[in-house]
Amino acid sequence: RKEVEQDPGPFNVPEGATVAFNCTYSNSASQSFFWYRQDCRKEPKLLMSVYSSGNEDGRFTAQLNRASQYISLLIRDSKLSDSATYLCVGNTGYQKVTFGTGTKLQVIP
Amino acid sequence: NAGVTQTPKFRVLKTGQSMTLLCAQDMNHEYMYWYRQDPGMGLRLIHYSVGEGTTAKGEVPDGYNVSRLKKQNFLLGLESAAPSQTSVYFCASSYSGPLYGYTFGSGTRLTVV
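Sequence order for the protein chains is Z and C. Each residue of the first sequence is one higher than the one before, counting from 3 in our numbering. Each residue of the second sequence is one higher than the one before, counting from 1455 in our numbering.
Next comes chain Z alone, as it looks inside the complex:
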């Protein structure tokens, strides 16, 4: 089982829709999680941190479910500009993080 696993998608959603991605992790001791956004042929950029019970930033909500060992990213009122690949990252050891392979989102007009 991969340390951090994501559905590659693509998720094709209409503008204004709500979409959610999940990311599963295998190490039950993992404490810190992040979501990064990566536009096509660009570098990843930190979107949100997910430390305990999750957090919210505008239209974006990140949740952590320790019992089932997954984190989620919810995007409300999707915009065309949200089209990107979303990378899940989890700490998998001391000062060590592992990136998921990413979930591609395409928001359609």
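Bear in mind the hints are in silico, worked out from the structure with no lab data behind them. For every residue, glycine included, the Cβ atom is placed at its ideal position computed from N, Cα and C. Wrong hints could be hidden among the right ones.
As the list claims (entries may be wrong) - A short, non-exhaustive set of chain C residues, derived as facing chain Z with CB atoms under 8 Å: (1) Gly1494; (2) Pro1552; (3) Gly1559; (4) Ser1560.
With chain Z fixed as given, assemble chain C onto it according to the hints.
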């Protein structure tokens, strides 16, 4: 505010050639990293540094060397390039380690023929 700057942005090498990728950051970050990104593989850590003069191996260090002579610079060297090293290389920096999030450079697209 430049952040993390990588040079070059693109390069084509012949098998067996050598090259150095340069990463420079102006944020006074202690930690610096080199990752490679391949389709379907996610970002994989090559080498990293926790401060000036220090380096350590990551997940996929074979075929690469690094140096951190100055705090702001982290160099990645390929001594004898192989087609398997065709990839997109990203440098990243962090103030206190990966659990505080990374700032990435814009990447270097390397093709080895």
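Taking the hints in turn, this is what the structure says about them:
1. Gly1494: At 6 Å from the nearest chain Z Cβ, Gly1494/C passes the 8 Å test, so the hint holds.
2. Pro1552: 4 Å, holds
3. Gly1559: With a closest approach of 6 Å, the Gly1559/C hint holds.
4. Ser1560: At 5 Å from the nearest chain Z Cβ, Ser1560/C passes the 8 Å test, so the hint holds.
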